[in-house]
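Line order of the protein sequences matches chains A and B. Number 230 in this note's numbering belongs to position 230 of the first sequence; there are no gaps in the numbering. Number 229 in this note's numbering belongs to position 229 of the second sequence; there are no gaps in the numbering.
Just so you know, the hints here were simulated from the structure itself, not pulled from any lab data. None of these values were measured; they are calculated from a predicted model.
Now the stretches of chain B that chain A is said to cover, found in silico as 3 or more residues with beta-carbon under 8 Å:
#1 92-106
#2 240-249
#3 279-293
Estimated spans, in silico, between C-beta atoms of each pair:
#4 B:Leu26 to A:Gly140: 36 to 44 Å
#5 B:Ala28 to A:Lys133: 25 to 33 Å
#6 A:Asn13 to B:Lys247: 19 to 27 Å
#7 A:Thr244 to B:Arg341: 51 to 59 Å
Think of the CB as a built atom: it goes at the ideal place given N, C-alpha and C, for glycine as much as any other residue.
Here's the letter readout for the chains.
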Amino acid sequence: MSIQASSISWEINGKKILNDVSLEINHGEVVSIIGPNGAGKSSFLNVLSGDIKPTSGNITFDDVNLKEITIQERSFMRSVMSQSQQIVYDFSVKEIIEMGWLDRGIASYSEDFKHAVVNVAQECSVSDLLDQKFNTLSGGEQRRVHFARTLIQLWRPSASKDPRYMFLDEPTANLDILHEQNLMRLLKEKAREGIGVLLILHDLNLAAKYSDKLFIFKEGSLIKSGPPEEVLERDILSYVYGLTMRVERDPLRVNYY
Amino acid sequence: MHVKPLVKNLLRFTNSSQIYLLGALLIAFLFAFLASISLGSFNFSVFELFNSSKTSLHTTVLYEIRIPRVILAAFVGASLGLSGASLQGLFRNPLADPGLIGVSAGAALGASIIIVLGSSLFPGFIFGAFILPIAAICGAALVISLLYVFTRGFGYQGITYMLLVGIAVNAFASVGIGILTYISTDSELRGLTFWTMGSFGGASWYLILPAIVVISLSMFWMIPSSRKLDLLQLGEPEAYRLGVDVKKLKYKVIISSAITVGVSVSLSGMIGFVGLVVPHLVRLLGGVNHSYLLPGSALLGAGLMMSADLLSRILVQPAELPVGLITSAIGAPFFLWLIFRIRKI
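Based on the provided sequences and hints, a complete structural model is requested.
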């Protein structure tokens, strides 16, 4: 059970944004994409979630081609959190979180839902904010609310074995260190429950600590993939980022200043 | 047709206080309906409405003039309120309204062309009275396709363009109507004046029955999309990732707005500010989710429009004020208040 991306290339106006990228995301894994600005990380995430059709290459979710999965079915299989837009009208936090609820026509799915919202709100430490207006929250609080919504989208009534994936584009942006650690621990937990988690991260040490596998991108190409110890190497890092770094082992740490 | 998802959406995403509010709006709507039917140059008590032992003049006034007029006002109010609410949701802009973005003006221009040039363009008049609503719908649809082209598919970045294009279209339409006014004969001029200020005076069963069918159908087509409009507030990519076919939703809202507004304008002329103001009132009363906002705006729009029409009939008896004057007189100050309120936030 996995997502397979094979030879993904994407061009826009003759400019190559993604160049022959192949990778795999397994169930129960936390994997992270790292790389400098403009390396094609977010574009790749958009291709995986189906927002962008690649120029060439194929994506399969559990051996089914993404092209053959309807927009609605996709929303049951994967949730996406990216840089969000401003919300114009005064929705409450609870309403925003409940937007992750999808109608699947299953009775038990709707009955236990209220309970699930309370649980998820607790996990994301937004319980106290539920009745507030979303627009009055700080940037970090809004981020946590969107994270809760992404979790609710993948919520299942009992020990369901549906394949599920989460794609998160810099989920820790704007978060303080407590909530950053909280979110990463929560993602680890979700992975243990069987969800495949794909992250885009800028903090190399955060990626090293929480990821099972790393993908490092530069100029639209996948430079190296593997466990953090193999990818976070001095030569690879200085080639990709153009910055000399010192890598410590046990525990794995990258120092760049 | 879409009654089941409608009810399901209403129950799941509308909280209990909103359901009471919708009930209160329904009662206000019924009250406005009864008051509008009873009051006017002929007064009827509510008891008399259900008792046809009256003289034939009374019955004729009631059944052939008053009731179709009140029903038309209700439908036009509902369709303006509903399309205002859905367009504001779709464009994610609280200033969107069929009038402001030029859709009403396009419809009025289409209607005006038929009023002035109709007899020479279509000498046979194959469709009879229906050619006018059809022309109005075409006018509304043309404006909406222009908006589509200029805002690059109604994209979020295009919102400023949309309002600017709306201003340009409004100006263009008033030039067109101006030229038509200039070349029109006296009787055509009277007809044109009627369109630009709005009135329900011309209502007859013959004209309003098809309008009722068309407007109801497109309302029942639009209201079940309320949940999707909620999700769209997160942004187009987010809505797409939550399973909403955004392109389809855009077409649905825009086509049904064009149809309802086109039909409304063709039968009653241009009536400003209802589509803009009603959704804001409904939001202030009870919340922003569309499962409550859409039916609420339809009910309040209908109630307010019947009341405005009632005022237009009784204020300067035995003469009549154009109803568009009344809605604009009430709506314009509210609009100003709204702008100041937005600026404070």
